[in-house]
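Each protein sequence line maps, in turn, to chains D and E.
Letter by letter, the first sequence follows residues 293 to 554 of my numbering.
Letter by letter, the second sequence follows residues 20 to 296 of my numbering.
Hints were generated in silico from the structure; no laboratory data involved.
Only a predicted model underlies this, so the values are computations on that prediction, with no experimental measurement involved.
Watch out, some of these pointers could steer you wrong.
[Said to hold, decoys possible] A short, non-exhaustive set of chain E residues, derived as facing chain D with CB atoms under 7 Å: (1) T78; (2) Q104; (3) Q108; (4) V112; (5) F114; (6) Q116; (7) A118; (8) F120; (9) E135.
Beta carbons: idealized from backbone N, C-alpha and C, even for Gly.
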Amino acid sequence: MTGIVRGITALGAALRTRIAALGFFTRFFGRLLGASGIALSRPRLVSQQVHFIGNYSLLIVAVSGMFVGFVLGLQGYYTLNRYGSEDALGLLVALSLTRELGPVVTALLFAGRAGTSLTAEIGLMKAGEQLSAMEVMAVDPLRRVLVPRFWGGVIAMPILAAVFSMVGILGGYLVGVQLIGVDAGSFWSQMQAGVDVWNDVFNGIVKSVVFGVAVTLIALYEGWQAKPTPEGVARATTRTVVAGSLSVLGLDFLLTALMFGN
Amino acid sequence: MPESTSAPVPPALRLTGVSLGYGDFTVLRGIDMSIAAGEVVAIMGGSGSGKTTLLRAATGQLPALAGKVEVFGRDLRGIPAGELQGLRQRMGVLFQQGALFTDLDVFENVAFPLREHTRLPETDIVSRVLDKLDAVGLRAAAHLKVSEISGGMARRVALARAVVLEPELVLYDEPFAGLDPISLGITARLIRDLSDRLGCASVLITHDIEESFSIADRVYLVGQGELKAAGTPRTLSDTQDPYVRQFLRGEPDGPVAFHYPVTPAFERWLAQRGGRP
Numbered sequence: 293m294t295g296i297v298r299g300i301t302a303l304g305a306a307l308r309t310r311i312a313a314l315g316f317f318t319r320f321f322g323r324l325l326g327a328s329g330i331a332l333s334r335p336r337l338v339s340q341q342v343h344f345i346g347n348y349s350l351l352i353v354a355v356s357g358m359f360v361g362f363v364l365g366l367q368g369y370y371t372l373n374r375y376g377s378e379d380a381l382g383l384l385v386a387l388s389l390t391r392e393l394g395p396v397v398t399a400l401l402f403a404g405r406a407g408t409s410l411t412a413e414i415g416l417m418k419a420g421e422q423l424s425a426m427e428v429m430a431v432d433p434l435r436r437v438l439v440p441r442f443w444g445g446v447i448a449m450p451i452l453a454a455v456f457s458m459v460g461i462l463g464g465y466l467v468g469v470q471l472i473g474v475d476a477g478s479f480w481s482q483m484q485a486g487v488d489v490w491n492d493v494f495n496g497i498v499k500s501v502v503f504g505v506a507v508t509l510i511a512l513y514e515g516w517q518a519k520p521t522p523e524g525v526a527r528a529t530t531r532t533v534v535a536g537s538l539s540v541l542g543l544d545f546l547l548t549a550l551m552f553g554n
Numbered sequence: 020m021p022e023s024t025s026a027p028v029p030p031a032l033r034l035t036g037v038s039l040g041y042g043d044f045t046v047l048r049g050i051d052m053s054i055a056a057g058e059v060v061a062i063m064g065g066s067g068s069g070k071t072t073l074l075r076a077a078t079g080q081l082p083a084l085a086g087k088v089e090v091f092g093r094d095l096r097g098i099p100a101g102e103l104q105g106l107r108q109r110m111g112v113l114f115q116q117g118a119l120f121t122d123l124d125v126f127e128n129v130a131f132p133l134r135e136h137t138r139l140p141e142t143d144i145v146s147r148v149l150d151k152l153d154a155v156g157l158r159a160a161a162h163l164k165v166s167e168i169s170g171g172m173a174r175r176v177a178l179a180r181a182v183v184l185e186p187e188l189v190l191y192d193e194p195f196a197g198l199d200p201i202s203l204g205i206t207a208r209l210i211r212d213l214s215d216r217l218g219c220a221s222v223l224i225t226h227d228i229e230e231s232f233s234i235a236d237r238v239y240l241v242g243q244g245e246l247k248a249a250g251t252p253r254t255l256s257d258t259q260d261p262y263v264r265q266f267l268r269g270e271p272d273g274p275v276a277f278h279y280p281v282t283p284a285f286e287r288w289l290a291q292r293g294g295r296p
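Just chain E, with the same shape it has in the complex (with noise of 0.2 Å):
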């Protein structure tokens, strides 16, 4: 009898000595990290770090540079494009803004993905719909048309959306921005146990260092334009690099500058300003 052999599951997202950037400004340099199914990643930096280039990265709209951005085992480097659509279709984005259809009303908004991508009856789209919007809170919101419901009720149907295709990797940039803290609490256990139930990749793209260090297995900290640490939240809690501790303390003093650095650009605009340097 044959010996049976399983192939090994690729991670939902890997990344092999990625280079990201526009044009010729390099963001990101160099960046290794793999994400695989049932995780939850936290990816952690400064503003203008480069983490949502990263998400971009993932989703085939930015492509690298350098390096090999991998989702679900396939090369996103000269994919075709409805191959790509296919991989998409698997993924699920929380984007920084919400991105709701301001045409469309609440419920609509997160039965979309359903309606571009299935043939389910109505009856089955309605109850997967309120299910959705149930997990978020906001069930008897469905009827409201975007422009009236506030920010963070927007983020969490944006939520709603993201996951209602029960998506096998799922990005979220900046999901606990503008939350009050109950509904702050409700969306990081919301995260964990979508990701536990469903098997799904969880992708955080987050400031969050309170939240996302209760629910994450690994967190990645990116900065300077490189990856500067990674590990559990327990040994990136416990660690004495200096740049890790001043991000997690939120110090005023270490190796990250708060100031924007000086560039000769700069003192040339100041100069013809008549301004001192």
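So here's chain D without its partners, still in its complex pose (with noise of 0.2 Å):
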């Protein structure tokens, strides 16, 4: 009996620190946007954080989409050309991209990589008492690092994701047409005609951008709830590449639904 009571209320304190957790973090999230006003009225602090943010990730970003790229010209041509389809090979890599690889792969790197940059920089702020030092000096660090911080990340992620999607073209094109030999001519009007700028590119730039708001803020989130101590910051890097991967899977799938359901 005991057993059981015991199972319950552990129960019952976990379910009620997850209920607490989200319940900060959505208060997180509603102060970061009460405090944006500072990415207007200084925005060179927001232009400073995207250019950051946004080298962090490039070279991988980059280098990415150009394997995947590569890929997707080997596999959609060995696909397609069972059907005798192969001049379709250049519309099948650029919804592939624009739709899901572009946006989805680049926010599983930019969680991992300017991600946990985000996360460590401000838990090793904390650690150092940065924080409280400008606290007592009469600056808000959530509207003076973390609010150019999250709007940098938004901001950078799509422009990211259209470098991934870019590339890859080009990493299909270069295996489609250059290395296996398929129609240059056909390999881009084929993309011309079947890829919708509202429908495809639009969605795929809205999906960056929600993924943006997403990672981004999981990895502000960790960094400034995380423990000042080495071992604190390195849990709660770990937390912002699972986390922000698992949302980046989960809301995709949601987007997908609604954006290209019937």
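Build the complex from these two chains, which are given one at a time in their own frames, with help from the hints.
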């Protein structure tokens, strides 16, 4: 009997902790949005972050995009060739990248590269009393440090996703057209005719913006809540990758169902 | 003709019957102290005696469990956030670890409060920051990154940053820790000079008896959860109080125990480990 009571108590406590954490997270998001005026009054703070965060991830995003494009070119050709439709390779590569792979893979890479940097930076600033110092200087650290990083991440994500898709299409072209010998005219014309700006490109941009909000928010929240110790910062960094990646995949399913479902 | 009446100037910092702590644990109780403009006051005590806790109460980071903390005459209890920010703009704080912003260089660290709270033109910012860096002997280090300077230099940069807005109340948490003898003497004189020149109240939280006694107008000694003694450096030096004498002379025997007291929790832990009490 005692065991059952203990089990129910533990379950209740775990549930309560989760709900409280969700509440903190939501309030944190609200505070970030509420303090976002600084992004307009001092846009330089945001542009600096777009530059830093974008730079963190640019190389890895571009290289990954190239390899994903190579693979899409190869796999797409093998499959389409069975049905004599290899001319549609350009369309397949472009749709795969703009609708799904561009936003999703970029967001996963972003969580691993820039997300972890953001969490570690905020966590270490906390551990080094930098955030407390700011507070006693009458400067709100959430407004001064977190808000520019948040908007920097949100703005950088669609740009990086666009770079990923662009380089990926180039990779597909190199493998499909230059290596295998698919007709270049068909490759580009099928892509041009089949890719819709609103349905495909715009929806892909919307996805990458949503992923940018989710991953940057998680990274900043984890850094903000991190215990100010080396172990605490290390754990927070790991949580950023796990929570960030899972939320990207979960949100992708939801968004895909909303955007492309009948 | 009506008689001209001027309101008495409240002390920069006043604590009345203050108890401070974290959760259920009370660190200090019944603390009374007052620091007026132009005064240099040293708060001394052993490690873990609650000196930094006092500083956190003065900056409004830690609410008092009981009693009243007043800064520039304003009670911090229940103070609106906007008003607290206004009071903090009149304060400067030197943190124990310096707390320099690692993403900014030395110059930008010192310029930070000016950029956030003033609309000075860039030439004025450059001149003011270099002036303050010159006072701490680091004018020529303005271009360096924080990672390129030593711990002692970082504390001097933090000192320059704490006073760049020429505040009315400056709180120094261990200002002499990690400084070489030359920097130590210069820093002590700088604190005294700043107080005399600007008329600001200075609170030093320190272990360094010699330097703080040479510049302080008054000394408060905290320990065992309470205020143990208060007075001028001379009265404290001459006192026969065994606690004060042991602290000032660094004697191993006396009312201050060097060893952490044995608690039932420790005895239980030791028994589990198979150790002897």
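Fill in: Ascending list of hint numbers which this structure does not respect
none
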